[in-house]
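Asker: Generate the whole structure from the sequences, applying the supplied hints.
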Amino acid sequence: MSGYKKGQRLTAWILTGLTVLLAIALCWAALDLWLEGRAIRQTNPAAVIYSPEAVHARAGKVLPVFLAWLVALVAALCFGPRNAKPFHPRTRVSAQAAVPTPRRLQWLRIGLFAAAAVLIVLGVLNGGLRDVLVKAVNLCTECIGLG
Amino acid sequence: MDKQTSWWSRHRPTTRRLVQLYTALLYNAHLKGFAEGEIYTGKSKALCVPGLNCYSCPAAVGACPLGALQNAVAASASRPAFYVVGVLLLFGLALGRVICGWACPMGLLQELLHKLPTPKIKKGRITRALTWLKYVLLVVLALAVPLYYAFRRVPVPGFCKYVCPAGTLEGAIALLLHPDNQSKLGLLGILFTRKFVILVLITLACIFLYRAFCRFLCPLGALYGLMSRLALLGVKLDQSRCTDCGACQRVCPMDIRKVGDRECISCGKCIGVCPTSAIQFRAGKAVLHVSDVPAEKTGKRGRRVLTWTLALLVLAGVLIAVNFPASAKPEPVSTSQTGNETVQTTGEEPQTTGETQQTTNAAPAIGSEPGQRLGDFTVERIGGASFTLSEQRGRFVVLNIWATWCGPCVAELPILEEFANTHPDASVLAVHASLITEDVEQWLAQGSCSLDFAIDQDGTVSNLVGASTMLPHTVILDRNGTVLYNCPGSITAALLEDFYSRAS
Chain A
1 MSGYKKGQRL TAWILTGLTV LLAIALCWAA LDLWLEGRAI RQTNPAAVIY SPEAVHARAG
61 KVLPVFLAWL VALVAALCFG PRNAKPFHPR TRVSAQAAVP TPRRLQWLRI GLFAAAAVLI
121 VLGVLNGGLR DVLVKAVNLC TECIGLG
Chain B
1 MDKQTSWWSR HRPTTRRLVQ LYTALLYNAH LKGFAEGEIY TGKSKALCVP GLNCYSCPAA
61 VGACPLGALQ NAVAASASRP AFYVVGVLLL FGLALGRVIC GWACPMGLLQ ELLHKLPTPK
121 IKKGRITRAL TWLKYVLLVV LALAVPLYYA FRRVPVPGFC KYVCPAGTLE GAIALLLHPD
181 NQSKLGLLGI LFTRKFVILV LITLACIFLY RAFCRFLCPL GALYGLMSRL ALLGVKLDQS
241 RCTDCGACQR VCPMDIRKVG DRECISCGKC IGVCPTSAIQ FRAGKAVLHV SDVPAEKTGK
301 RGRRVLTWTL ALLVLAGVLI AVNFPASAKP EPVSTSQTGN ETVQTTGEEP QTTGETQQTT
361 NAAPAIGSEP GQRLGDFTVE RIGGASFTLS EQRGRFVVLN IWATWCGPCV AELPILEEFA
421 NTHPDASVLA VHASLITEDV EQWLAQGSCS LDFAIDQDGT VSNLVGASTM LPHTVILDRN
481 GTVLYNCPGS ITAALLEDFY SRAS
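Read top to bottom, the protein sequences are chains A and B. Residues in the first sequence are numbered from 1 upward in steps of one, following the working numbering. Residues in the second sequence are numbered from 1 upward in steps of one, following the working numbering.
Think of the hints as simulated: they come from the structure by calculation, not from any bench. Check the hints yourself; a few may be wrong.
Interface residues of chain B toward chain A, partial, derived using beta-carbon atoms under 7 angstroms [said to hold, decoys possible]:
#1 L25
#2 L26
#3 S56
#4 A63
#5 A172
#6 G186
#7 P408
Since the model is a prediction, treat every value here as computed from it, not as a measurement. Think of the CB as a built atom: it goes at the ideal place given N, C-alpha and C, for glycine as much as any other residue.
Answerer: Structure below.
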């Protein structure tokens with residue numbers, strides 16, 4: 001952050017602080033919600049942990065932090081540090097002849113390409129392609145974290 | 001303001017950024033899915049896309065190679081994972097980690113997060129050491145865990161289940177945001193809480209560290225990194241012209257030791273700073289004029305316009321094909337008709353004894369929602385006798401829709417079995433979903449589960465209970481056939497006992 005004006009540094013650090021705070025708030029909200037839901041579930045196994053009411057209540061608490069973060073973000077984008085020296089390469093690449101790849105590497109590559117092709121054909125024949133389709137068009141609730 | 005410091009000169013998208021945006025849209029062309037809250041179920045999902053993109057995202061039109069790999073490893077006890085291994089080998093050999101730098105939506109997202117104007121953590125020895133973590137995750141979570149559970153016949157894609165932020169963000173959260181999926185909030189528990197916290201922490205890390213997930217955690221990047229040296233396309237170093245000045249390493253935001261090594265994502269930032277032009281973006285023997293420079297400065301204009309025109313035509317074609325398919329989907333089964341009306345079942349007949357069933361009780365209404373009475377159906381149990389719902393009156397009924405390829409489904413079978421054994425007055429039927437990847441009877445014969453099983457060949461039962469593409473799905477009926485519980489997601493023994501005591 002050196003080389004920037006004091007005001008620019010300040011906005012960046014405020015945004016940093018609020019970003020960390022927002023992350024903490026989000027994690028706290030999720031954990032708090034789960035802990036509360038777990039306690040309720042001990043008496044009522046069918047109780048919904050992430051009920052819309054509980055989610056809205058936690059969202060209401062996180063919202064001020066989020067709004068503050070949003071304001072800080074806009075301020076940082078407008079007045080914060082900016083990339084004074086954007087990366088724009090000075091030199092252009094000339095069309096020189098590429099260095100030949102070692103022959104041994106070429107043969108290995110060809111062999112592996114052939115192996116990949118054979119594996120794909122075998123996979124299509126043994127039903128692997130259909131397996132991928134079946135799993136991709138259905139939702140495994142646990143796999144995406146739904147539970 | 002001169003051209004060098006103008007807003008546009010600082011924010012003009014590079015060729016790489018345009019390609020990243022293009023591929024992200026191409027992988028997620030089913031934009032209608034966000035409006036419908038449903039995932040795409042077209043046949044293109046049999047094909048893996050090169051980058052990490054959760055196939056449970058409502059917009060995804062292809063399969064995630066990492067998810068497909070884990071599921072293939074999980075099913076390797078019954079079928080060798082030839083297809084997915086072949087596809088990954090092909091992608092790795094052809095593109096290597098160019099995929100990470102140019103064609104991964106998660107990579108794009110991380111780079112945009114890193115653009116937030118905050119202080120950044122520079123790369124160093126610690127970040128270099130942390131890059132090995134992704135290889136550990138590849139071996140442990142993406143390969144060893146699915147393989148271990150494969151021999152216990154429970155498919156568990158370890159990385160997807162415990163870590164993958166793409167699944168949480170693109171799959172779970174994107175689906176839950178849709179108003180129609182509010183009922184799915186009931187599924188959420190510790191698993192979602194844990195994955196949500198992981199997502200927040202990874203997002204935070206990506207703001208302060210360039211591509212934190214990609215550098216330290218992504219098993220797919222690790223896999224492609226192993227094939228970097230062999231990759232046909234990518235940034236290559238001409239050793240004979242290299243003066244070891246280190247300019248490339250200094251400008252590189254990744255933890256490279258040498259251009260083109262396992263950590264190099266071929267972004268091309270180093271091409272322009274090399275004083276001897278020893279670094280080139282090559283496709284085999286051909287030298288390509290692409291680097292991370294503003295789009296309008298690279299290549300020949302005519303060729304560039306032609307390339308982008310063709311690419312946009314392809315994208316437009318894909319968008320039209322997946323969002324406005326020529327053949328309309330069949331109407332879903334109506335499951336909320338009143339008392340004496342008939343319950344229709346889709347499909348052509350096979351396992352049910354009739355397409356329509358007359359009901360005799362005037363109330364409650366027939367449907368699949370709690371409080372409604374489930375329409376009648378008949379399915380053949382595996383091993384003989386048929387199961388007719390109307391014949392179960394007076395019994396507590398649990399219908400579980402499962403599949404051999406679904407980890408949580410297989411994991412909860414023992415819970416159902418124990419419940420069935422301890423409650424003789426309950427009928428528990430595990431109905432295998434219509435999508436079958438292996439011989440279910442053979443799969444059952446290998447185990448010793450004493451539950452009643454059936455196969456929902458044409459999806460009749462799934463349609464009747466209103467099951468979506470989410471598995472497992474459990475329906476609990478009281479002794480009058482009235483629905484007490486009808487939800488996707490795993491169930492617990494306590495939940496079953498609770499409903500059983502209520503029904504009693």
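Asker: List in ascending order the numbers of the hints, as given earlier, that are violated by the structure.
Answerer: The structure breaks hints 1, 2; every other hint is satisfied.
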